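Participant: Each protein sequence line maps, in turn, to chains P and V. Counting from 1, position 307 in the first sequence corresponds to residue 307 in this note's numbering; the numbering is continuous, with no gaps. Position in the second sequence counted from 1, then plus 373, gives you this note's numbering.
Hints were generated in silico from the structure; no laboratory data involved. One thing to keep in mind: the hints can contain errors.
[Said to hold, decoys possible] Per the computed footprint, the stretches of chain P lying under chain V, defined by three or more beta-carbons under 8 Å from a beta-carbon of chain V, are:
# : stretch
1 : 18-27
2 : 46-55
3 : 63-77
4 : 137-146
Note that this is a predicted model, so its numbers are computed, not measured. Built from N, CA and C at the ideal position, the CB exists for glycine as well.
Number of protein chains: 2
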Amino acid sequence: MPETATAPKVKVPPFGRFFLPGPTEVLPEVLEAQVGPMIGHRGPDLQKLMARIQPGLQDVFRTRRPVYVSASSATGLMEAAIRNGVRRKVLCLVNGAFSERFYKIAVACGLEADALEVPWGEAHTPDMLEDALRGKDYDAVTVVHCETSTGVLNPVAELARVAHAAGDVAILVDCVSSLAGAPVLADEWGLDFALAGSQKCLAIPPGLAVGVAQEHMLERAAAKKDRGIYFDFLEFERNLEKGETPNTPAVSLLYALAAQLDRLREETMEARWARHEAMARRMWQWVDEMRGRGIELSILAREGYRSPTVTTIRPPEGWTGPKLAAALRERGYIVATGYGKMKEETFRIGHMGDHTVAELEELLGVIEEVLVL
Amino acid sequence: MPETATAPKVKVPPFGRFFLPGPTEVLPEVLEAQVGPMIGHRGPDLQKLMARIQPGLQDVFRTRRPVYVSASSATGLMEAAIRNGVRRKVLCLVNGAFSERFYKIAVACGLEADALEVPWGEAHTPDMLEDALRGKDYDAVTVVHCETSTGVLNPVAELARVAHAAGDVAILVDCVSSLAGAPVLADEWGLDFALAGSQKCLAIPPGLAVGVAQEHMLERAAAKKDRGIYFDFLEFERNLEKGETPNTPAVSLLYALAAQLDRLREETMEARWARHEAMARRMWQWVDEMRGRGIELSILAREGYRSPTVTTIRPPEGWTGPKLAAALRERGYIVATGYGKMKEETFRIGHMGDHTVAELEELLGVIEEVLVL
Numbered sequence: 001m002p003e004t005a006t007a008p009k010v011k012v013p014p015f016g017r018f019f020l021p022g023p024t025e026v027l028p029e030v031l032e033a034q035v036g037p038m039i040g041h042r043g044p045d046l047q048k049l050m051a052r053i054q055p056g057l058q059d060v061f062r063t064r065r066p067v068y069v070s071a072s073s074a075t076g077l078m079e080a081a082i083r084n085g086v087r088r089k090v091l092c093l094v095n096g097a098f099s100e101r102f103y104k105i106a107v108a109c110g111l112e113a114d115a116l117e118v119p120w121g122e123a124h125t126p127d128m129l130e131d132a133l134r135g136k137d138y139d140a141v142t143v144v145h146c147e148t149s150t151g152v153l154n155p156v157a158e159l160a161r162v163a164h165a166a167g168d169v170a171i172l173v174d175c176v177s178s179l180a181g182a183p184v185l186a187d188e189w190g191l192d193f194a195l196a197g198s199q200k201c202l203a204i205p206p207g208l209a210v211g212v213a214q215e216h217m218l219e220r221a222a223a224k225k226d227r228g229i230y231f232d233f234l235e236f237e238r239n240l241e242k243g244e245t246p247n248t249p250a251v252s253l254l255y256a257l258a259a260q261l262d263r264l265r266e267e268t269m270e271a272r273w274a275r276h277e278a279m280a281r282r283m284w285q286w287v288d289e290m291r292g293r294g295i296e297l298s299i300l301a302r303e304g305y306r307s308p309t310v311t312t313i314r315p316p317e318g319w320t321g322p323k324l325a326a327a328l329r330e331r332g333y334i335v336a337t338g339y340g341k342m343k344e345e346t347f348r349i350g351h352m353g354d355h356t357v358a359e360l361e362e363l364l365g366v367i368e369e370v371l372v373l
Numbered sequence: 374m375p376e377t378a379t380a381p382k383v384k385v386p387p388f389g390r391f392f393l394p395g396p397t398e399v400l401p402e403v404l405e406a407q408v409g410p411m412i413g414h415r416g417p418d419l420q421k422l423m424a425r426i427q428p429g430l431q432d433v434f435r436t437r438r439p440v441y442v443s444a445s446s447a448t449g450l451m452e453a454a455i456r457n458g459v460r461r462k463v464l465c466l467v468n469g470a471f472s473e474r475f476y477k478i479a480v481a482c483g484l485e486a487d488a489l490e491v492p493w494g495e496a497h498t499p500d501m502l503e504d505a506l507r508g509k510d511y512d513a514v515t516v517v518h519c520e521t522s523t524g525v526l527n528p529v530a531e532l533a534r535v536a537h538a539a540g541d542v543a544i545l546v547d548c549v550s551s552l553a554g555a556p557v558l559a560d561e562w563g564l565d566f567a568l569a570g571s572q573k574c575l576a577i578p579p580g581l582a583v584g585v586a587q588e589h590m591l592e593r594a595a596a597k598k599d600r601g602i603y604f605d606f607l608e609f610e611r612n613l614e615k616g617e618t619p620n621t622p623a624v625s626l627l628y629a630l631a632a633q634l635d636r637l638r639e640e641t642m643e644a645r646w647a648r649h650e651a652m653a654r655r656m657w658q659w660v661d662e663m664r665g666r667g668i669e670l671s672i673l674a675r676e677g678y679r680s681p682t683v684t685t686i687r688p689p690e691g692w693t694g695p696k697l698a699a700a701l702r703e704r705g706y707i708v709a710t711g712y713g714k715m716k717e718e719t720f721r722i723g724h725m726g727d728h729t730v731a732e733l734e735e736l737l738g739v740i741e742e743v744l745v746l
């Protein structure tokens, strides 16, 4: 082959320290991994790349099933969940903006859907689900593991048990902002379909989604005659058998994913979960400390239902989410305002991806400075 | 902001000269453009990027309409075409693998669909379409502008006229391997929906699709109650009004697209079309020259229906598509075997993207060497 290898200079423009609950900061070496050569997407080159990725993804989901890789955002695989996984009627557990999106997708796909709503900031308990399923003919339940809008972590393992105890009810789980930051044990918990995006705790650039379906879901999918092909479970399966993707893959993002999965293997999932847990604990402790000093911050989610990956906080009087986010941006720190209807009354800190407690500490110091000024 | 800018060394591994009909070779500066910082996908950072991209895309499609940018491969927007653009029953013009895919998608979306088939290598003429529509209740027609499997360029402008003359029949056009290589005049030709992918003549990495719908199509879409949200025309429109995308965008690929559209503006679309035309003419002339020397190559597509972007060729006796592709690969040149059922009996050369006549000449010299050995 001709020597066309070069070592071009790539400038990463200056950017603030990123504490959004997605997209997260991506390490320079992972960003740079995107700059690989084009390869044909049928045949050995792609197969090699997919083979490198697959074991890492299986570890992230703790599954023995093949993991689908979709050239789409996670919303695409939410639609896949609905089109493949709902026979007729679905119950959507709604406690924030993303769980509401699941409901909207079900409706937009022409299915019967009911929303079981609790206020933003609260979780769905197993009892609630048990009551809601009793005597009803739902064949699927949607739930968001970590509600990125509120920082609530739903008790997905327990909810899955309740769904399955109710009969042939599939549980379809959005793990977008939990996967690779909080334990997601797809097989052990019996998640019938679990999905996530690339730009949260996986910490690669956006544009990829990953998902895993339990084997019995394939029969369910096959019976759906209007599921399309782009998000078809059976197409994913058939092509994964050859180590390929059904459609043209986003190769640059696969390169980044491969590089990042190598890093994750070195860190181990257990250590990654522990690091997120440590960041969250420091986050909560800091809010207590601030309150002790008379700065009235409060965490939206109740204890016991707080996500290790994102915290939604009400700012003290005189502040709004956008005002605080703007003040921090001026100092080079990017946090999120509240989401949707909570935009003004909250702000959100993503302590996810490759961040460390030390980096979070730096951010907390700056917030303290801003609030005390 | 803190100075976190660095100039890391990125290695582009050695690769052969790429003459696939997609993915095409991507210029190093375009590959490198992918390595930009993460940005939030709601608000000014993304809006600025989208505003930079939009005029270039409108020029590529020759449209005044907003151009949708989808985090998916082009197949995703083919599904969008079907889910939004077909009321009930669609006629699919099938003359190769990708036009057949359009038919399969329609069926997989639960719609009534008929395939009007002509042999691979032939085009659909306006007369054929007129006959097929007469007295039938189709509300849409699908067609592939350039059949990447055969190198046939369908007369899309004329087919659009025939469809519209037949009443309220929408024409849904896959311009995947023609856009930015052959003229696609979406508004002038009245293409009701036209779509393409990023990794063909646009010559950026795969993972993005672009599409443009005429305004009257929005009403059609609104009446479809199971069109989902990921590929919903109305979601694309609503978000483009704010300069955003409906779902998390593939930001790295948007950076590459922005860089490449800057290059295209400098080249001008007219010059880009002319360059592709010149490559194709040289390609065809070379086949004649080879035949003159007794090497029996033949072009699958008939004169008058040949694409300026890809040529499908039957090799001389003793050769198959895979055998020739393998021999060229050994010499560092990547061409495609035949596609699907024509894998053995043909090979395909993509003369598209940023290739020049001089680069094509280099490839042709090597093929000559291989065949004459």
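Participant: Now look at each hint and say whether the structure bears it out.
Facilitator: Consistency of the hints with the structure:
{"no.": "1", "hint": "18-27", "in the structure": "holds (count 7)"}
{"no.": "2", "hint": "46-55", "in the structure": "violated (count 0)"}
{"no.": "3", "hint": "63-77", "in the structure": "holds (count 6)"}
{"no.": "4", "hint": "137-146", "in the structure": "violated (count 0)"}
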